[in-house]
Every structure is written in C-alpha cells, then in structure tokens.
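Undergrad: This is what each chain is made of:
Protein chains: 4
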Amino acid sequence: MAQGAIKKVVLAYSGGLDTSVILKWLQEEYGCEVVTFTADIGQGEELEPARAKATAAGVKEIYIDDLREEFVRDFVFPMFRANTVYEGEYLLGTSIARPLIAKRLIEIAAETGADAIAHGATGKGNDQVRFELTAYALNPEIKIIAPWREWDLLSREKLMTYAEQHGIAVEMKRDGTKSPYSMDANLLHISYEGYDLEDPWVEPGSDMWRWSVAPEQAPDQPTTIELTFAHGDLVAIDGQTMSPAALLAELNRIGGANGIGRADLVENRYVGMKSRGCYETPGGTILLKAHRAIESLTLDREAAHLKDELMPRYASLVYNGYWFTPERQMLQAAIDQTQQVVNGVVRLRLYKGNVMVVGRKSETDSLFDASIATFEEDAGAYNQADATGFIRLNALRLRVAGRKRG
Amino acid sequence: MAQGAIKKVVLAYSGGLDTSVILKWLQEEYGCEVVTFTADIGQGEELEPARAKATAAGVKEIYIDDLREEFVRDFVFPMFRANTVYEGEYLLGTSIARPLIAKRLIEIAAETGADAIAHGATGKGNDQVRFELTAYALNPEIKIIAPWREWDLLSREKLMTYAEQHGIAVEMKRDGTKSPYSMDANLLHISYEGYDLEDPWVEPGSDMWRWSVAPEQAPDQPTTIELTFAHGDLVAIDGQTMSPAALLAELNRIGGANGIGRADLVENRYVGMKSRGCYETPGGTILLKAHRAIESLTLDREAAHLKDELMPRYASLVYNGYWFTPERQMLQAAIDQTQQVVNGVVRLRLYKGNVMVVGRKSETDSLFDASIATFEEDAGAYNQADATGFIRLNALRLRVAGRKRG
Amino acid sequence: MAQGAIKKVVLAYSGGLDTSVILKWLQEEYGCEVVTFTADIGQGEELEPARAKATAAGVKEIYIDDLREEFVRDFVFPMFRANTVYEGEYLLGTSIARPLIAKRLIEIAAETGADAIAHGATGKGNDQVRFELTAYALNPEIKIIAPWREWDLLSREKLMTYAEQHGIAVEMKRDGTKSPYSMDANLLHISYEGYDLEDPWVEPGSDMWRWSVAPEQAPDQPTTIELTFAHGDLVAIDGQTMSPAALLAELNRIGGANGIGRADLVENRYVGMKSRGCYETPGGTILLKAHRAIESLTLDREAAHLKDELMPRYASLVYNGYWFTPERQMLQAAIDQTQQVVNGVVRLRLYKGNVMVVGRKSETDSLFDASIATFEEDAGAYNQADATGFIRLNALRLRVAGRKRG
Amino acid sequence: MAQGAIKKVVLAYSGGLDTSVILKWLQEEYGCEVVTFTADIGQGEELEPARAKATAAGVKEIYIDDLREEFVRDFVFPMFRANTVYEGEYLLGTSIARPLIAKRLIEIAAETGADAIAHGATGKGNDQVRFELTAYALNPEIKIIAPWREWDLLSREKLMTYAEQHGIAVEMKRDGTKSPYSMDANLLHISYEGYDLEDPWVEPGSDMWRWSVAPEQAPDQPTTIELTFAHGDLVAIDGQTMSPAALLAELNRIGGANGIGRADLVENRYVGMKSRGCYETPGGTILLKAHRAIESLTLDREAAHLKDELMPRYASLVYNGYWFTPERQMLQAAIDQTQQVVNGVVRLRLYKGNVMVVGRKSETDSLFDASIATFEEDAGAYNQADATGFIRLNALRLRVAGRKRG
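Residue numbers (our numbering), protein chains in the order written: chain U, 1 to 406; chain H, 1 to 406; chain P, 1 to 406; chain A, 1 to 406.
Check before you lean on any hint, since a few could be wrong.
Computed list of lysine-lysine pairs in DSS-like fashion (alpha-carbon distance at most 27 Å, straight line) [what the hints assert, rightly or not]:
1) K143/A with K361/A
2) K178/P with K361/H
3) K143/U with K361/H
4) K404/P with K143/A
Away from chain U, derived, C-beta distances all over 10 Å, residues of chain A [unchecked claim]:
5) E69
6) R73
7) D74
8) T161
9) D207
10) E302
11) D336
To be clear, the hints were calculated from the coordinates, so they are not data collected in a lab.
In this text, a Cβ means the ideal position worked out from N, Cα and C, and glycines have one as well.
Make the full structure from the sequences, and use the hints.
TA: Structure follows, in structure tokens:
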C-alpha cells in the first residue's frame, strides 16, 4: 500500500492482545505516532485498562468514548425499522457497529491531524470492508493501515510470539479462561467464529454461549412484557420510558434470561467465502418480532410488502458495510417515510427461547377494523358483491389468455 | 351474476353445515344438478360421511379424491423451495391448497359436463379469490357460483335457521363441542379466525389450538432429527425415505409434539382489510428452517440473495391466488433453477417450540471451505492482499463523490 | 351502487358531448344538484364555453380552475424525477393528470357540501380507477357516480340519440371535423385510442396526430437546446428561467416542431385487457432524455441502479392510479432523496424525431473525473493493481463452486 | 501476482499493436510459450494478418475461430429476450462478447495444456473484470496475466516506444488514419472511448462514427421492414429466414444506412468511475424496439412487468461480467420461461435515426382482443359493472386508513 510516509495514525484499540500487538507494530514498522480510540458500544468490558495500556505504550492522545446511545439511536433503531435480517437469520449485530466506529476514527483523525487510521480486522473478513468503506466515504484522502493484510503474523502462534518478544501481556479473559472462539460484542449482540465452528456439521460446545441461557435452562415460567413503539422505534418497556441504549440493554437482560436469541448459521461473506457463525442477539430478536407485530397493525399493506421486498437489499448493504452511501440513504428514506404511523403497544410472552406475540394495539394508528373483517354481517362498510367484480377483472388477463390459446 | 341458466354445477363439498346448506340452496335457487367434490388434502376428517350426506341429498355424481401426495409434491414443496413466508410470519397453509382444489373442480366439470362450479368461501376473504382466479385461468368460460356473495344468509344465525328449515343436520364437532372459530385444515396447517381473535389485543383461549401442544406443555427432553434434501425437496427423515405427504405428516407429528409452529398474527387480506389469524404449521415451520439451512451450505450467495428478494413477491402471488399464472411460473422457473444443488442433510434440535439448526452437511454440493474461511493461515487459496484492491475499487465511487463534493 | 340518496354531486365537466349528457342524466336520474368542475391542465381548449353551457343547464355552482402549474410542479416533475416509463414506451400523460383532477373534485365537494362526485370515464378503462382510487383515498365516505357503468347508453349511437332527445348540442371540433379517435390531452401529452387503432397491425392515418409534425415533415436543420436542472427538476431552457408549466409548454412547442414524441403502442390496462394507444409527448420525451443525461453525470451508480429497478413499480403505481398512497409516497421519498445533487445543464440536438444528447455538465455536482477514467497514466488516484484484488474476491465464490463441483 | 512459474499461456490476440506488444512481452517477461487466439465475432477485420503476425512472432499454436453464430445465438439473443439496457441507454455490445471470448480461452487452455490466459484489457476498465470472472468461473485454477496491470507501459507513448524497440509494426488503420479513440467492435456494436470524449460537455467529431450515417445524412425516404420472432428470437427479416449472425448483420446494414443506433452517454463502470462512451448499435437498436413490440402483443401483463423489474439487475450482471454465474442463469430461466409465446411479426418504419413501430401481429399468441377493448358495446366478454367492485376493493385499504386517521 504505497501511501507515502504516514505521520500519525488513529488506531481502533481495544486493549486486547491483537490491537496491542498492532499498536506496537505501527510504532515500529511505520515509525509514526499512534492515537488510540476505544469505544464503549456496549461490549461489556472495562475501558480504563485500555487507557492504562495505551499510556504505558507511550500513546499521548487517547480517546475513550461512550457511543452506546448514538449506536442504538442512529444505527440499530434505523436498521430495525426495516426489519432487517441477513440471509434469513443474521441480525447484523457486528455489521451495524462498524460504520459508527469508522466514523469516529475519521472524526478523531480530523481532530488530531492524523493522516491515517488503522484497525485490527483480518484480511478475510467483512469487518475490514465495513471499516474501510466508511472511512473512504467520509474522508476520501484518508490512508488506511490494515496490519493483518500487511504483516506476516498470520497465525495465532506467530502473533503470540511477537507479543512475548515485545513484552505485550497476553491476558486471560475475565472468567479466567481464554475462549477458543473469535468473538465480537456490542449492545446488539455477541458473535462467535472459528475453532469447532469450522465444521458446520458440528454443534458448538454449550459453554461457548455467554449472553443467554440455553432454552433448556431458562425459567419454567414465561415472562410477559409490553413494548411501546413511537414512529417505529421502541420507546418503553412495560410502560417505562428509557433511553435507546437502556431499552436495548434491558431487552438483552430479559431475553438472555429466557434463552432467546441464539442463532447458529452459515453465512456468505462479502469477500466471497461461506463462514459459520454463532450469535446471541436476545434484545434484537425480541425487538424484530415486536416491530413486525406493531407494523402488522398500523402499516398499509402495500407499504409493508414493498418494505419486505427492499429489506434483503438493505440487509446486504449493512452487511457489506455500505452504511454511509447514497443507496442506503435512499432506502432509509423510503423506510422512514412509512414509520410515522408505526405507533402502539405489543404484548409478548417469552418462554425458553420463544418470543410469542400475544397482543398488539394502537390507539392512534391501528388499521384493523373488526367491523369489516368480521364473519358476521357488517354495517355496510364492505359490500360482498364487490368481490365479484374484483375477481373478474383480476382474472380477465388470464381468461383472455385461456381463450386465445386454448 | 347474469350468467344465463346453469345446468350442472360442481360444488366443493365438505359435508359440513355450510356446504350442506349450499348444496340445498343450489338445488333450490338454481334448479340445477349438483356434483359434489370432496378432497382429502390431509384435513384429518373422515370423508365417507360426506358421501353419505351427498347421496342423501340426491347427488348422483360424487367425487371423493385423495389429493394428499399431489398437494405436497406439486404445491407445498415447490413453495418451500422459495422459503416462502407471507408478511414475515404466515406459511400460507390455506393459500397453497386452494389452487389444487379449484383445479380439480375444473377437471371434474369437464369430466361431468358441468358448466359451473361453486364454493363455500365468503365474500370477505381471500379464498374466493384463490378459487376463482384458478378456475378462470384453467377454464375461461366456466361459470362460478359463490353463494355467500349472492344469498342473504349472511349471519351464522340465518344460516342455522335455513338449515333447520330444510332439514339439514347441524352436527357437533367430533370432540362434542362446536369450535367458535372459523377453521381450515390441510396437511400443511390448521388455521383459526373469528370469535375472540377479532380483537388483536386479546390472546386466544389456550383450548383453541388443535395440532400442537403449547411450548409449556411440550416434553422436557429435546428431540433431534436429521432431514435429507434432494434438489431442494425433503426426501427423508432420520434417513428414512417417505413419500412427500408421509414426510409432511411425520414432521407435523414431531413438530406438534414439541410445541412447534404456532403463529398469532394480523395479516393483510387481498380484498383489502386486515384480519387476525392464528395458525399451527408444525411440519412447515421445521421444513422452512431446515431448507434455509441446507441452502446456506449449498447455494451461491448471489442466487440466495436474489431468491430472498423475489420471495415476498412470490409469497404475495400464492397468498392472492395467482398460482396458475405466467408470473408465478416465471418465478418458479428462477427458483427451481437454483435447487439442483440443494442436496444434503440438516440436523435439528426441537425443544418446546424451538427449531434449532445444529448441523448441516452436503457430500456433493457444499460450498463451505474451512480452509478458506479459517482464521489460521491457509494454503494459498485466499490472498489477504486481494482485499485491499477489492475494498479500494468498491470505495472508489464514494471517494470520488467525497472529493468532488467535499 | 346502492349508496342512498345523493343530494349534490360534483361533476368533472369538460362541456363536451359526453359530460353534457352526463350532466343532464345526473339531474334526471339522480334528481340531485350538480356542481361542475372544469380544469385547465393544458388541454388546449377554451374553458369559457363550458361555463356558458353549465349555466344554460341550470348549474349554480361552477368551478373553472387553472391547474397547470400545480399539475407540472407537483405531479409531472416528481414523476420525471423517477425517469418513469410504463412498459418501456408510455410516458403516462393521461395517468398523471387524473389524481390531480380527482383531488380537486374532492376539495370542491368539501367546499360545496356535496356528498358525491361523478366523472365521464368508461367502465373499461383505467381512468375510472385513477379517479376513484384517489377520491376514496382522500375522502373515504365520498359517493361516486360513474354513469358509463350505470346507464345503458353504451354505444356512441345511443349517446347521440339521448343528446338529441334532451336538446344537447353535438358540436363539431374546432377544426370542423369530428375526430374518430377517443382523445385526451393535457400539458404532458395528447392520446388517441379506438377507431382504426383497434387493429394493432394497422398504422393510424397520418392526419390523426395533432401536436407534432411527422419526422418526415420536420425541419431539415437541427435545433440545439440547453436544459438546466436544479434538484432533478427542469428550471430553464437555454438559460431562460420559466415556471414549470411554461417550461413544459415550451418544450412541447420545440419538440412538436421537430417531430419528437410520437408513440404507437399496445399497453396492458389495469382492468385486464390490452389496448392500442397512440401518444404525442414532445416535451416529456425531451425531458426524460435530458433528465437521464444529467443524472448520468451527477448520480451515484448504486443510487441510479436502484432507481432503475424501482422505476417499473413506480410507473405501474402511477398508471394504475395509486398516486395518493403510502407505497407511492414511499418510493417518492427514495427517489427525491437522490435528486438533491441532480444539478447541471444538458445540451440536446433535436432533429426529425431524434433527441440526441450531445453534452452534459455540472459545476457543482459532476462525479465525472477524467483524470481517473483516462487511458493515459493518472496522477495516482487510481491504482491499476487494485483491480486484481477486486476481481479475485468477486470471483472467489465462483472459484470455490468450480473447485467443489468440478 | 505470485502465481508460480507459468509454462504456457493462451493470449486473446487481435494482431493489433497492443496485443502484439503483449505477445512479445509475455515471451520476454514470463519466458513462456504463447498460444494465440483470435476470434471473429463480427468486428469486421481480416483475421489472416493476425495469423501471419503470430507465426512471425514464433507462435506455434494459433487459433482463429469464427464465433459469430455462437455469439449471436447464445449470447446476444438471450440478452435481448430480457430487453436489456444498461443505465437506460447502453445496449451492452462490448459486455456481452467478453464471456464468449473468455470461455474460448479457457477451452483452448484445456486443449493445449496451457496453465494461464492473458488479455489486453486495461486495469481501469470493465473488460478485465468480464474476462477474468468468466475465466475463474469456468476454471478456478487458471492463472491470469493482465499485462496492463503489471507492466509500466501505461501510456500510449511508452507502448509505442516498446513496440519500436522490439520491431513491432505500428500500422495505420485501413482508412489510412489512426483513430484517436479507443474502439471495440463486434456484430452487435462498435464503441468509442477516450480522446475528446473525456470531456462530457463536448460533442465528438462527426468523423468518429464508423458504422452508421448521421441521421442528417440518411435517406429522405423511410425504409419499412417486417421482423418475425419465434420464441422471443428474431428468425426472419421481411419473411426471409436467416441464421442469427446473418440476421444481425443485415439489421446492422439496414439500421446503419438509416442513421439508427448512435448513443452518446456517460456510464458507471463496475470498477468505480464514470466514463464517457459513444456507441453504434444499429441492429440492436432495431431489435430491442421490435422485441418489445412483439412482447406487447403476446406477453401477459404481470410477466411483462416482472421482466421489466428484473431487467436492470440482469443488465448489471451482463455489464459487470457475471454471465457464467448462478444468478444470471436464474434470471435467464425466468426470462426464457416467458418467451415461448413471443411469436409474431413486427412492422417497423426506419427513417433518419428513428425506429417507429407501425404494426404488430401474432397469429398464434396475440392476447389483444379488440372485442373487449372496444369503446363500443361488446358481446358480453366484459361486464362494465365489474369495475365497481374492482375499484372498491382495491380502494378498501385506503378508505380504512382515511377513516381511521381522518
């Protein structure tokens, strides 16, 4: 990547082994100043250790930001307005966080006068694409360093060796064990890849999962909750208004406790190969079901169908990293246009992995009219004879074809 | 419906109250001969009583056909190749059966020299449309009698009175009670509408459901099954090859026992109103999940995404009754084109309402290549440096826009 | 249409034979007061005769409105932002005017306390649908009288007889002849149906066309014009700013003089049959070509492609009369989102039926960068080596499939 | 491109300057044996000089193939069944030829035991992608050499110098001048890029065009032709049956003589930049118009609309080089499914750049029924009263929304 000399680089830094090695490597290989950026997007880890480590590594400009509210409000919620699911299963927990982190990297680069950014995503995954597309979209002149595509530390073994040679601590996880999986977490989900997941016929060990109990271990009593929506976004749980991040955290807690939101799937990466991933998305799984339910009551049929047809495209855009693009904004405009009327309450029963919709209502925007749908005689709103003409004209082209062609 | 004198009509006849009244009403109002047609599509009712009643009502031509295999092979399976779901929730159990019944009505009309068909669907629902679009598509000259749109027996009360006046037995259901719900059943599902479902905020009584136990009542031990697919269709359960109808019946049994396949939803009818429906689709729910899983391993990414984008359209066509149409056949051709390689086995764990994919494999057609996806160094199949160019060219249009517009 | 007694009806009234008969018929059959509404949407006819006739027929409330600016600004221009063409050929000149007229009918009904509207569209065409869908969308309680679907004056012969019997003048056209075609005109187009067009193998007589010369009769010298766009809408011709209606009128004049905008086609009506129509849309034909050209310079590739994919759906919505619907508004939001950057100038050469784009530029929003696209060496903006990675990763899924399946 | 040693490479070889330099460069840089492949796809150049030059350059295996029939039959015609147009203007003349050439390269590699292929496409264009995607799809192990991405001869100047230094003749074009444009030709079109086209505001010189006269120079008398279609493909001109390639050649001749098929446009390349291109596609322009016309008569409305919605996607696939992919085959299956009934004759008038449809008929498959569409009373096929119900049920959802929300 002949990009000319780099003077200062902003690194997406977690404080873990990989990005600690990258920090060192950047200082050594590029001989440039490194700014670290550590974001709280709800991954559930302490951030102060990252500050301490960065300081110890000689970093002078250290950014640690709490992005949880922005993450849920401006990324997760807009995505859920579209009922977004990638390939029928994946709720895009990792995908949706990357544009936010990359956007902040670019902002910090501007603030600190850095001419480059760096990230710890590998050369085989989607995250490198998501980071870099966003970065280029927001600053076309930015230089990007992706160490995993440049260095030769391509196995875990080599990485550990480098760490040891450079005095970088290889810590255990908080629970005292080192997970064999490659993981990613934020307020929307936690993901697992690699290790025994590399054989799609093999079920992962039950100790892999971290955010939810197994359905089999969930309480024997169902939990019933009511979710309130305003303009397509969740605004309250059981009548209690909370901030977006607080709402999602609470849904995660409730869902995880009831064994909700696990997914085990084979997905198609944007870079061209299939990969096996496992995900826990407790709150998102509930939110998707509830959002669909409130839409079922308030959304016009044709708008709803058009949303369903556009959704896979939207999901691919998010999965592939095209958040800050004209085409995503175009689809978002269409989606958001429909959500003004998506107001009301959904009642759900949660039980051992199940999310069951058991009621939905909307004082202001319900389009359900029992007096029309009823099997009993209605008051004139619907004239059954109209159906004859409706059917006959819809059938006309088929009848003409039948007549003409026998 | 000024259709001129009708001489003979083929009636879709269940032997129940409604179609018994229609049979009588046709004989009286139209003064025409009635041919009855009763189909076994897996609704789980004895058909011989229908024969006896028709005979008693003076019917001379009585057709009773077992259409279960044709139903699953030529209608259900092709639909599941598309992963069809209407409005995110409904598996189209009723919708998919109607074109088959209408097709058989038209065939019988031809065999018996009838000039008309009749059905017992109401003037407010989707079924009238599905029956009639199919009938017109297959015989553009057919006359159609839809008594619910013609007569004035528009309440259950009036219908019962008519039945009593004409000596038509108003039987109780087999279980000794009369369900307050309007129901429809076939090998794919059983549906419920009306009664307390007319308030979408109210949960139906737990005694409504007939095909499945509640998740709460399902066994505490999971059931694990393996489903084998060939060319996109289910061909075996736990290695045991069965006919299409037998496979679906067995999946229903297993699913129902594990509390799988209940849905409670508000849907948009083709005739223009929203309605609340509850559905039990145990086998279909398992089948959908498993089909997606085997596709995830064997289908090309872009083909899979295109299928996902076309699916909502396909689902609307089935829901609205456009099975025998050029546009459905067009979509089917696209879908079927992809299924040649959809071969392999999916392992599922069923537990209290959950269908969990825990393994998938395909000897012949897996596109999963662990050696490429691995986080460890690979043998040269994938060059991480390629990602740089991939990202940079995908970003180019965004960078140009950024440069040009600041 | 058992709609109860109607007291006052607003009639879309042209003053021609058909609507004069309808006016009389409404007074006689319905015994109700009639309000007439005559709109100037650029059809090129004097409106004052309509006032005189309505007065003579005893009408007390007469509305004559100049809707030309609203028509072009709020209906034609938004539609052209989508590059809308129905079935590859038809620029929707009639379709796009109907929602405006129906909206005004509903407004006048509210102003005059009328409980019904009436129109002169036949029972076989699209216009009845367009009028009535709009009316119902804007006032769900409105009653609608469509005389052509009610009365028995179903041939031109019977209509003339009725007119004579009721003293309604059957005037000749201004040019002293009565066109044998059914025609409709507004600022966007003039259309012809019926008569010798009913055989799609036969070319219409050359004297049918009214707005344009034949290409063969057009000037031997080309005309060059420059069209300026702002936010996707035409704002100036040859640098001269004009109102929307004035711009379209001027484009019609220029285009018609150069033999531009004739179309002869078979289209699919929403009510189910195919029909042959001929159209002259001189200004619209130029506008479409120019709008595409300015978009080609300023629109992002993926936004442009998404627009192209959505366009046929949008066109069907307009053709079918679904202007005032959530789904059209949803698509419009997506389309309009893209047009902020559609600014610049297009130079066109018009010659005997041809509209040739010969230049396009945008000071502010061009995404064209000759330094990147050039075949000569560029200054580093584009690294040719990037293409290798781009291709290799895009090919990866295909290569894996090839390897796995031979 | 660390691909290991290459022993034998098949080069797509025209005998022109660029590929002659490449031939030499391959021999020198790679030290490998070169097989040349020259295809006749209707570019209108003698092929024997290529043989002579290759022989002179020491090539032992020389392939010269006439692919014209395969090109039109298996690539051009299937594409025209979809009415394919890229970005509203471009008929994909270059794009559609590339997969065929790449397929033949791979076949020859297999026949000659070559382990690599090479082509002369630049690193900034679409053609490299089209060649290489096809190659990888058909042989995942093939090695690909793209000299323009490897060498440093990146300006025309350097290339000429290299040629002179290596004794490669730099010939003039047949007309004695060297065109300043980058051109590509085959039976479907000829294209121009570069030079004064790099400013999209500037009109190219009138001497650029080679295949067609300017509309201004075309005959003053129109030419009328009749095109016969069978199953969606052109089979005869004026009743004269010809082979696919002969038909297209004849259409080119007729179209070119009448000034038909020039396009001047800005397009979006797959590699990310906009570029200006000019094209002459005389036969294709006529074919597209005629195919749409015969479809307008014979295709079901919904099938036609679905084709229109899928077309932009299909066009992008062809443009981007994804011909031999599951998703293109999937779309092709859908398209081809509709073409069985696309039979009949279209009459066209060609005049100074205009292609005017003036008649269309189909003995066997017309869906046009004048007796239904007529404005006069019909014989009962269409009941105008049906329209009331049709409209009322289509409006129902809009009315309910109006009632519920005021």
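Undergrad: Within 27 Å, alpha carbon to alpha carbon, are K143/A and K361/A?
TA: 51 Å, violated
Undergrad: Take a quick look at E302/A and tell me if its Cβ sits farther than 10 Å from every Cβ on chain U, holds or violated.
TA: Non-interface label fails for E302/A: nearest chain U Cβ at 8 Å, not farther than 10 Å.
Undergrad: Is the claim that D207/A lies outside the interface with chain U correct, judged by CB distances over 10 Å?
TA: Answer for D207/A: holds, closest chain U Cβ roughly 38 Å.
Undergrad: Does K361/H sit within 27 Å of K143/U, going by the straight-line distance between their CA atoms?
TA: Outside the cut-off at roughly 42 Å; violated.
Undergrad: Measuring Cβ to Cβ, find out whether D336/A lies farther than 10 Å from everything in chain U.
TA: It holds; D336/A is separated from chain U by about 18 Å at its closest Cβ, greater than 10 Å.
Undergrad: Does K178/P pair with K361/H here, judged by a C-alpha cut-off of 27 Å?
TA: Measuring from Cα to Cα gives roughly 75 Å; hence the hint is violated.
Undergrad: Take the C-alpha atoms of K404/P and K143/A, compute the straight-line distance between them, and say whether it is at most 27 Å.
TA: 18 Å, holds
Undergrad: Checking the smallest CB distance to chain U, is T161/A really beyond 10 Å?
TA: 25 Å, holds
Undergrad: Classify the label on D74/A as holds or violated, using whether its beta-carbon is more than 10 Å from each beta-carbon of chain U.
TA: Since the minimum Cβ distance to chain U is about 27 Å, D74/A lies beyond 10 Å and the statement holds.
Undergrad: If we take the beta carbon of E69/A, is the closest beta carbon in chain U still more than 10 Å away?
TA: The assertion about E69/A holds, with a minimum of 32 Å to chain U.
Undergrad: Would you say R73/A is clear of chain U, with no C-beta pair closer than or equal to 10 Å?
TA: At roughly 27 Å from the nearest Cβ of chain U, R73/A sits farther out than 10 Å, so the non-interface label holds.
Consistency with the previously given hints fails for numbers 1, 2, 3 and 10, ordered from lowest to highest.
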